[in-house]
Amino acid sequence: MERVATYNHQNTLVQYMLKAEAKVAAEQIRSASGLNSTDYKGIATDSSRLVNLESHYRRLEQYVDEGEVVNGRIQSMYDAVGSMTDLTSRLSALITGLMGDNAAGVEGVVAEAGQLMEELAGLMNTQQDGRYLFAGGRTDRTAVDLDGYAAQTYPSSSDIGYYQGDSTVAHFQAADDFVLSYGVTADDPAFEQALRAFSLIANMSTDPVDEDLLAEATTLASDATDGLTIVQAKLGAASASLENTIDRHVDEQLVLQTQVDDIRSVDLAESTTRLSQLQASLEATMSLMKILEENSLSDYL
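Each residue of the sequence shown is one higher than the one before, counting from 1 in my numbering.
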């Protein structure tokens, strides 16, 4: 026969042992996973802060991912404008070669100017990921169509009949408080001047050579080169600004990740020590229960 006091004591020890086993199991999971908890309930006091940190981290991650795509477009535009500058510089050199007594090569210059003009139009139609970069908001259609462009004659005038885009300037929300404008459209004055200079030479009369036409084409090519250089510099500045913003986002992500880890992650040394203590306590409880079972009070009645 077992006394009530003995039963109550054993029942208390059983409850204590079950709780100790649960604590040991939980600490084993913490040590194995390296996490304080696998869900938000296990870190209830910090769950709200953790949600905010993770939300902020994901927002920065989106800025970084989208920013890298946009920066790729800017770099493509930068490279294309640089190539346009090379073409206009080449045209200036060709025109210089026609000055004075060098008009014998005029037919070759006319032919080359026509080819370079096609190349220039191709650069204005630079495309990336299905987007025409110099078409403004109409990114699904070519920016330039030379079929809609009248052959230029001296004296020429500004003509953007080739342009098929719109006036929308591309921009990107690079941060919560920063919108980056980076768009350049193919109807930009520098683009138009370059195309007109090429058209003048590509369609010029070879006999006789019009010196006034050459002078105008020279001025247009020079102005276009200067203008394209400025456009390229602006694109470079936009790219640098975006890269700096992305770098700041990445740095902030590292800080946020550290804060998240501080909440989520376990101090392995501390967890190992705690696990040893819990296991020792559990073993002591189990030993005590065994002693009670072996030495029931009924044995002495």
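Bear in mind the hints are in silico, worked out from the structure with no lab data behind them.
Quantities reported herein were computed from a predicted structural model and do not represent experimental measurements.
Glycine included, C-beta positions come from ideal geometry on N, C-alpha and C.
Don't take each hint at face value.
To be verified - Label pairs and their calculated CB-CB ranges: (1) G82 x S47: 47 to 57 Å; (2) N52 x D147: 49 to 59 Å; (3) I230 x V179: 46 to 56 Å; (4) Q75 x V169: 15 to 25 Å; (5) G105 x Q62: 22 to 32 Å; (6) D207 x E243: 46 to 56 Å; (7) A215 x R58: 15 to 25 Å; (8) D177 x A215: 42 to 52 Å; (9) G82 x G105: 25 to 35 Å; (10) S158 x D129: 50 to 60 Å; (11) R58 x D262: 12 to 22 Å; (12) E118 x G97: 45 to 55 Å.
(request) Against the earlier hints, flag every one the structure doesn't satisfy and list their numbers going up. (result) 3, 5, 7, 10 and 12
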